[in-house]
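Note that the protein sequences, when read in sequence, are chains H and U. According to this note's numbering, the first sequence is numbered sequentially starting from 2. According to this note's numbering, the second sequence is numbered sequentially starting from 2.
There could be a bad hint or two in this list.
As the list claims (entries may be wrong) - No more than 30 Å apart at the CA atoms, straight line, and that leaves these computed lysine-lysine pairs for BS3-like: (1) U:K74 / H:K184; (2) U:K74 / H:K128; (3) U:K215 / H:K128.
Calculated from the structure, these hints are not laboratory results.
Chain residues, written in single-letter form:
There are 2 protein chains.
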Amino acid sequence: MAKQEFVVTPWEVKGKIDYSKLIKEFGTAPLTPELLKRIQKHTGELHYMLKRGIFFSHRDLNWLLDEYEKGNKFFLYTGRGPSGKMHIGHLVPFIFTKWLQDKFGVELWIQFTDDEKFLFSKDPEAKLETYTGYALENALDVIAAGFDHKKTHFLLDSKPEHAGIMYREAIKVAKRLTASTAKAAFGFEDSFNVGEFFYTSMQAVPAFLPSVLKGKNIPCLIPLGVDQDPHFRVSRDILPKLGFYKPALLHGKLIAGLLEGGKMSASIPHSAIWLTDTEKEVREKITKHAFSGGRDTLEEHRKYGGNPDADASFQWLYSFFEPDDKKIQKIYADYKSGKMLTKELKEIFIEKVVAFLKKHQAAREKARNQLDKFMYRG
Amino acid sequence: MAKQEFVVTPWEVKGKIDYSKLIKEFGTAPLTPELLKRIQKHTGELHYMLKRGIFFSHRDLNWLLDEYEKGNKFFLYTGRGPSGKMHIGHLVPFIFTKWLQDKFGVELWIQFTDDEKFLFSKDPEAKLETYTGYALENALDVIAAGFDHKKTHFLLDSKPEHAGIMYREAIKVAKRLTASTAKAAFGFEDSFNVGEFFYTSMQAVPAFLPSVLKGKNIPCLIPLGVDQDPHFRVSRDILPKLGFYKPALLHGKLIAGLLEGGKMSASIPHSAIWLTDTEKEVREKITKHAFSGGRDTLEEHRKYGGNPDADASFQWLYSFFEPDDKKIQKIYADYKSGKMLTKELKEIFIEKVVAFLKKHQAAREKARNQLDKFMYRG
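Take these sequences, add in the hints, and give me the full structure.
Structure, rendered in structure tokens:
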């Protein structure tokens with residue numbers, strides 16, 4: 002991989018991502034100031050993830066707002082690929098989605114794709130049940146983000162009650178999708194299994210299932226990590242042929258992990274803050290491993306200042322943990338000037354994470370009794 | 002297509018099939034006299050379709066009988082691809098399967114593959130619901146073959162309750178099947194849709210679903226048209242990797258239609274006797290269209306005799322409508338000698354068909370109230 006190169010697919014993200022370049026490559030549209038204003042007209046305020054460009058790109062959002070303004074309410078759809086336990090990066094789109102749900106007062110469908118993670122696992126002895134187990138645990142983290150079960154419907158792909166309603170819709174998508182299109186969109190080869198070829202059809206279903214269930218065409222907005230865009234490029238081509246709207250998309254950035262240049266990854270445990278981490282683990286991980294934008298010596302730091310744009314702690318405060326614009330600007334300025342030391346910046350980050358996880362973990366335990374209420378019932 | 006060439010795949014059957022050659026090509030085993038005796042030991046008598054070689058080939062039947070003799074009972078699995086209404090040719094494997102069920106006293110699973118017929122339809126505007134409708138109508142014909150609902154379970158692939166339990170098992174098969182294996186087994190190309198690639202995984206499921214449901218490994222015997230063998234060649238490779246027995250297979254010949262050299266086909270209505278035909282339609286169709294092995298003139302026929310081996314009416318009496326060995330031998334001899342005229346042979350055929358359809362159609366109407374009882378409930 003040459004310098005500056007990066008890869009973003011639903012199954013692989015590597016390199017330093019140039020998001021402007023990605024917008025061009027993927028053919029999406031940037032979230033312009035005009036469009037942000039148009040959102041704000043309806044939401045009253047702008048979520049910090051919009052103001053700060055964490056959500057940065059879209060497809061057909063103007064159309065979606067046209068429909069909304071005509072009284073044609075949309076529904077939200079997002080998902081979780083349950084490959085294991087969740088880290089804070091996984092929670093980003095859910096926190097943002099909850100805000101959208103609250104501000105627009107709309108229904109939300111969340112798909113847990115245990116079938117995907119099973120089919121795409123490199124382990125030939127992988128068991129579906131393992132991924133179903135992850136999905137049920139991940140569902141607790143999602144509920145803990147604060148969703149309202151009256152407006153929020155979980156779909157678990159392998160759950161018979163859900164697979165049953167989804168399979169019959171998925172084959173309608175599959176009939177319109179050739180193997181060669183799947184190869185071009187996802188980089189599949191003949192050595193890939195037939196479930197991998199089929200799978201995107203299942204991921205397409207929640208984008209029109211509410212329309213099927215209600216017997217009328219309902220617009221759909223999908224907030225998602227930008228790496229998932231190829232799935233919906235394919236389904237946006239197919240859905241109109243089945244008589245449904247193309248879903249609108251709102252793309253989020255893929256926030257880096259604690260280590261330099263990488264993402265939070267299960268294969269490098271200290272690269273990530275897991276939602277089940279203890280205070281001790283968080284403190285140790287951030288202190289020892291969070292990539293720092295500080296100078297090599299205290300003297301140099303005071304003299305030349307730090308680099309918040311490269312600092313993992315700052316980036317996480319900016320993207321997630323410090324919604325207050327004034328506060329984050331002050332942290333930025335102080336760290337850049339050298340007034341704030343790395344140790345102090347990390348301490349702010351640690352305190353934010355610990356407070357967040359304490360609240361999250363309590364909500365997560367309460368969620369065990371609520372899970373049934375979130376599972377869709379026909 | 003050169004003379005003597007033939008094609009047998011799950012989606013195309015053409016030419017005059019050389020069944021001995023097919024056994025070699027497919028790598029199956031012939032049903033030997035020894036094996037027939039071994040069956041007879043358990044069934045008391047031999048079904049005429051076995052004696053007459055309508056079922057002519059197998060895979061692992063000796064193993065299945067070994068298990069049966071050890072007290073390890075098998076279950077039966079067969080299916081119907083609901084591409085439209087059914088003709089008498091479609092009923093052949095069901096009549097034989099019912100005999101197997103009665104003689105061995107075993108459970109039977111019947112899969113109606115509306116998903117398959119939808120996915121493989123050449124019509125881009127095809128609707129799944131059309132094939133589901135065919136399946137529900139075909140199910141009446143199957144019930145009319147006389148099955149006992151207490152031991153017989155229907156699976157309708159697109160029915161949510163059935164798709165739900167099948168999808169989660171199908172992806173376990175799909176994970177073990179590469180696109181390149183599917184291409185080699187079925188002749189798929191990249192222009193085929195991803196549902197076609199995936200589909201055989203659904204067809205594999207009933208071969209081990211009873212084992213999943215009962216939590217123990219149960220042998221499976223699949224009576225099927227030999228054109229369906231490629232599906233189970235693939236699943237026989239995969240099922241042992243999932244911890245299940247390879248299903249044993251019993252292959253039936255593909256009985257020709259009324260016209261010369263072809264099969265019964267919806268695209269040529271008078272090539273087939275439909276299970277919903279009236280007496281008038283049957284009489285007209287056989288009289289006018291059934292390919293005759295008779296001579297050009299009455300004199301020649303009396304002098305040289307007819308050719309029962311080429312005669313559609315005789316072939317159908319032999320394969321299906323005249324189980325009595327003495328009677329069929331006499332018809333054969335009389336027609337071959339010229340003693341029996343084509344008109345007389347056709348009259349025997351017509352009477353048999355009319356009597357059969359009268360009974361079948363009455364049973365078919367009664368079946369409407371029974372359909373629910375046959376549908377599998379978890």
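Here's how the hints hold up against the structure:
no., hint, verdict
1, U:K74 / H:K184, "violated, 44 Å"
2, U:K74 / H:K128, "holds, 28 Å"
3, U:K215 / H:K128, "holds, 19 Å"
Hint compliance for this structure: hint 1 alone is broken.
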